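Participant: Sequence:
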Amino acid sequence: MQRRRRINSITASPESGGITVSPQAEDMDVAINTFLRYCNVRNLTSDTLRYYTECLAILKRMLAEQGITRPIDVTKDTIYSAIERRKEEVSEETVNTNLRAWRVFFNFLAEENYLMSNPFSGIKLIKTEKRVIETFSKEQIRRLLEIHDRQTFTGYRNYVFMSFLLETGARVSEAVGIRTTDIQWRERLVKLDGKGRKERLVPFQSRMERHLREYLKIRGLLDHDFVFVNIDNEPWKLRSAQEMITLTGMEAGIKGVRCSAHTFRHTFARLYIVNGGDPFSLQKILGHTTLDMVKTYVNLWSADIAGAHAKYSPLERLDED
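Note that the sequence shown covers residues 3 to 323 in this note's numbering.
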């Protein structure tokens, strides 16, 4: 006889002599709250908790449209239907973003034995169309940096902030979060607090050092140690930094590429590779856990690498002094 996984929480029914399944299997809200509590106990970041909360709210809506309100009633077919419905609303990349959260949720319910089987077993991410990753040209970078009035505090702060993104490839959330104590001046390293509270040290060079020192001199001593601040000397907010980059792109007349902090990150990666950087060090600088994204960068810009190879070929330059 085939064995089936036992439900974790059962109670005997005195009237019927039967059993009732756990509340987590009977009620979607109870299941979601139990999962989020588990995530909180694991000390996951607030961003991760927000991600799971938003994705599971979408899942609850997708299932409710099918008349499904209990996790125990979820099947592969209902998940496939939810995927099809979600594809009508958002991009394929966003669908996969949701799927990753839904999978973790059902894996949790199955591993904790709240469900006898995992309806997500065997369900894979949908195939997405490979798109070219947009980056800034050098001329666009110059225009973005030159648009700021460096005779004003906010103008110079914006200039230094965007320079920092280009120099380090940092995520915008990492950049707004750096503190003065995170900067190791002697080694020219800055500590970034990455995804999942994973810290990493990223190098910067003399030009960036000069601008950072000058900016901090203008910033002055404050009652906190956040590097980037607003006009009221309060720590700069993530949304404000994002809006600044978008507005700068509009003022600079940037066309054909989205002006965002992540475009700076992609631009850093492209220029790093084109200038001769190796994929392994790029992976560490960007804070990627695997080489998958770095491989994408290399494949996309292989033509640039070919040009660099023609310039720096050891064999071609063998006879040079």
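Simulated from the structure, these hints should not be mistaken for laboratory data. Here the structure is a predicted model, which means the values were calculated and not measured. The C-beta atom is built at its ideal place from N, Cα and C for all residues, glycine as well. Keep in mind that the hints are not guaranteed to be accurate.
Here are the computed distance ranges between Cβ atoms for each label pair [as the list claims (entries may be wrong)]:
1) Q186 - I220: 13 to 23 Å
2) G157 - V43: 16 to 26 Å
3) D151 - G124: 49 to 59 Å
4) D234 - V43: 34 to 44 Å
5) K239 - R72: 34 to 44 Å
6) T80 - L249: 24 to 34 Å
7) K129 - R72: 27 to 37 Å
Pairs of lysine-lysine residues, derived as PhoX-like cross-links and limited to a Cα-Cα distance of at most 25 Å, are as follows [as the list claims (entries may be wrong)]:
8) K78 - K89
9) K129 - K200
10) K62 - K140
Participant: If a hint holds in the structure, say so; if it doesn't, say that too.
Facilitator: Going down the list of hints, with the structure as the test:
1. Q186 - I220: 13 to 23 Å: holds (21 Å)
2. G157 - V43: 16 to 26 Å: 45 Å Cβ-Cβ, so the 16 to 26 Å window is violated.
3. D151 - G124: 49 to 59 Å: Hint holds: Cβ distance 57 Å, inside 49 to 59 Å.
4. D234 - V43: 34 to 44 Å: At 37 Å between Cβs, range holds.
5. K239 - R72: 34 to 44 Å: Because 40 Å falls inside the window, the suggested range holds.
6. T80 - L249: 24 to 34 Å: violated (44 Å)
7. K129 - R72: 27 to 37 Å: Since K129 and R72 have Cβ atoms about 31 Å apart, the given range 27 to 37 Å holds.
8. K78 - K89: holds (16 Å)
9. K129 - K200: This hinted pair is violated, its Cα atoms lying about 29 Å apart.
10. K62 - K140: Measuring from Cα to Cα gives roughly 46 Å; hence the hint is violated.
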